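K.L.:
Residue numbers (this note's numbering), protein chains in the order written: chain A, 1 to 305; chain B, 1 to 305.
Read the hints as simulated data drawn from the structure, not as lab findings.
One should not assume that every hint holds.
No distinction is drawn between identical chains; accordingly, a pair holds when it is met within one copy or between any pair of copies.
[Stated by the list, open to error] Within a straight-line C-alpha distance of at most 20 Å, the following computed DMTMM-like cross-link-like pairs (lysine to aspartate or glutamate) qualify: (1) 243 to 67; (2) 243 to 107; (3) 243 to 61; (4) 243 to 176; (5) 243 to 268; (6) 243 to 178; (7) 243 to 210; (8) 243 to 294; (9) 243 to 270; (10) 243 to 44; (11) 243 to 48; (12) 243 to 84; (13) 243 to 173; (14) 243 to 57; (15) 243 to 159.
Computed from a predicted structure; not experimentally measured.
2 protein chains.
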Amino acid sequence: MSVIYNRVALIGLGLIASSMAHAMRRAGLAGEIIGTARSSETRDIAREIGFCDRVVDTAAEAVVGADLVVLAVPVGAMGAVAAEIGPHLQDGATVTDVGSVKAAVIEAVAPHLPDHVHFVPGHPLAGTEHSGPRSGFAALFDNRWTILIPNGADTTATERLRDLWQAMGALVEMMDAEHHDLVLSVTSHTPHLIAYTMVGVADDLSRVTDSEVIKYSAAGFRDFTRIAASDPTMWRDVFLANKDATLEILGRFTEELFALQRSIRTGDGDALFDYFTRTRAIRRGIIEAGQDTDAPDFGRTGKRD
Amino acid sequence: MSVIYNRVALIGLGLIASSMAHAMRRAGLAGEIIGTARSSETRDIAREIGFCDRVVDTAAEAVVGADLVVLAVPVGAMGAVAAEIGPHLQDGATVTDVGSVKAAVIEAVAPHLPDHVHFVPGHPLAGTEHSGPRSGFAALFDNRWTILIPNGADTTATERLRDLWQAMGALVEMMDAEHHDLVLSVTSHTPHLIAYTMVGVADDLSRVTDSEVIKYSAAGFRDFTRIAASDPTMWRDVFLANKDATLEILGRFTEELFALQRSIRTGDGDALFDYFTRTRAIRRGIIEAGQDTDAPDFGRTGKRD
């Protein structure tokens, strides 16, 4: 691989930005990587690990001379960062972000960017339940989708950013911001909210102790706790920023849940059986598409087949 | 290890029974293992794999001379199997089951058993999303809990069954049937119903294609699809048989979900942040208790730490 950007500025140094740094280094995609984070503790950890060539104290300083600027802060902080860096951006630079919501980020960021930069919002659909600069690793994006929002930007700039993501191991798809927000509401935001809720219910139930919930979690519950352990700040901002799509999908969800609840109450076994049979097909599709392992229990147990 | 039961009869040869056969053989716990299943196809597969010493055509035949009989059929079929085997059970035999619901199974099975046998219901909290005789493996129960319901049975018989489970690798806990059904409703049944519902919603949404749901599933959704791929017959029976506890926990779940939905609608970021922070503690507890891996994404991704 060869260098795609001469100087990349990473604003925010959590799981995604640190993984990008590792992935760019793995393939030699950036001449130089400059990083910054709001918290001095995060900056110190990044310096200690050394995944950036330089760690600087402010976003304004980080973007100077960068031909790619990556906003990797919580969605609710994007607007303020854009306002800070706007006056310091190099002519012709590309600005992108990694936020989980796109329409709200565009609305918050675009007004602060000068006309001489290319704004190409993005969203890598990758992550783990861990967060912070120590959690990053080069393989995070391998064979995972990254969605880019062309958003009227220059085609050459968009393709260059697509090349970077592909060289970091990702598969890239383009779509508009509104469709992104609906798709992600289904595949990510609503599942996370539901997982948080289920874990909260278990935590509240006084007749079942926390220790019982923990001991017997392997029966299904523990799968929910993984995504309910994700970064609270990030997820607060996601739900506030993707309110309409989330409320819409939640409405569909409760409607279906109530229908199943009624089948349970009335003892309609056929309806339950049909529903549970139908949902198996999607799992098969996910495995065939290489987006999950078919090993039982995600490979946690002794058998892998 | 030494032999704990001279002849074990497995009625039903799916994931749990076949795993028990493998686990008993691993440690030499059964003098002889006799298996049977309702479907001739299942019996043929069991014969081909050879995890039983003998596979016979009927449950009545299987239990003859057995000192342990394991009912490993869907919860809804337990009563009929008990009626079939009742007259053929050996004096002093222990009868157990592996159903996911306990009060309803006791109600269905107990009336058919003669006084000269010991009925000790059980539930191994282990399983994967796979089913059938080919899906079993010896390590399935290792370090997982099995719950036994003493149910007034002879202490010696109960302890012998506990010894078997421990020798198959399991941790064993005793509790009464009603408490079991409530605990499992929280840690297993309701999470499964919610997962099925979320997958059903995604499948229904015509503006988001199935192919998009599959492509972008790594963002959270795929964790739900694993447990929503579990055996439909088994789960239909679970919900019908554990109706009261499931409806109670579903009521709590929707109450909490509506509170979070309101926080999203009104933009109450503090309430969301507090909720999402609280649920992290349970995840930590599960990992500390050795009931899940701390490797990011269950170890599916490139990094294990």
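K.L.:
From the Cα coordinates, with 20 Å as the cut-off, is the pair residue 243 and residue 44 best called within, between, both, or neither?
P.N.:
neither (35 Å within a copy, 54 Å between copies)
K.L.:
Can you give me the call for residue 243 and residue 61, within, between, both or neither, at a CA distance of at most 20 Å?
P.N.:
neither (34 Å within a copy, 61 Å between copies)
K.L.:
When Cα atoms must be at most 20 Å apart, do residue 243 and residue 178 count as within-copy, between-copy, both, or neither?
P.N.:
within (12 Å within a copy, 40 Å between copies)
K.L.:
Within a copy, between copies, both or neither: which one fits residue 243 and residue 270 at a CA-CA cutoff of 20 Å?
P.N.:
between (35 Å within a copy, 15 Å between copies)
K.L.:
With identical chains, the pair residue 243 and residue 173 could be close in the same copy or across copies; at 20 Å between alpha carbons, which is it: within, between, both, or neither?
P.N.:
Result: close neither inside a copy nor across copies, 24 Å intra and 44 Å inter.
K.L.:
At most 20 Å between C-alpha atoms: does residue 243 with residue 48 qualify within a copy, between copies, both, or neither?
P.N.:
Result: close neither inside a copy nor across copies, 38 Å intra and 55 Å inter.
K.L.:
Taking 20 Å as the upper bound on the Cα-Cα distance, should residue 243 and residue 294 be classified as within, between, both, or neither?
P.N.:
The answer is neither: 34 Å in one copy and 31 Å across copies each exceed 20 Å.
K.L.:
Cα distance capped at 20 Å. Does residue 243 pair with residue 268 within a copy, between copies, both, or neither?
P.N.:
Answer is between; shortest inter-copy Cα gap is 11 Å, intra-copy 35 Å.
K.L.:
When no copy is named, should residue 243 and residue 57 be tagged within, between, both, or neither for a Cα gap of at most 20 Å?
P.N.:
neither (33 Å within a copy, 58 Å between copies)
K.L.:
Is the C-alpha distance from residue 243 to residue 210 at most 20 Å within one copy, between copies, in both cases, or in neither?
P.N.:
neither (31 Å within a copy, 23 Å between copies)
K.L.:
Cα distance capped at 20 Å. Does residue 243 pair with residue 67 within a copy, between copies, both, or neither?
P.N.:
The answer is neither: 33 Å in one copy and 60 Å across copies each exceed 20 Å.
K.L.:
Reference check for the pair residue 243 and residue 159, CA-CA at most 20 Å: within, between, both, or neither?
P.N.:
The answer is neither: 31 Å in one copy and 55 Å across copies each exceed 20 Å.
The structure fails hints 1, 3, 7, 8, 10, 11, 12, 13, 14 and 15 (numbered hints given earlier, in ascending order).
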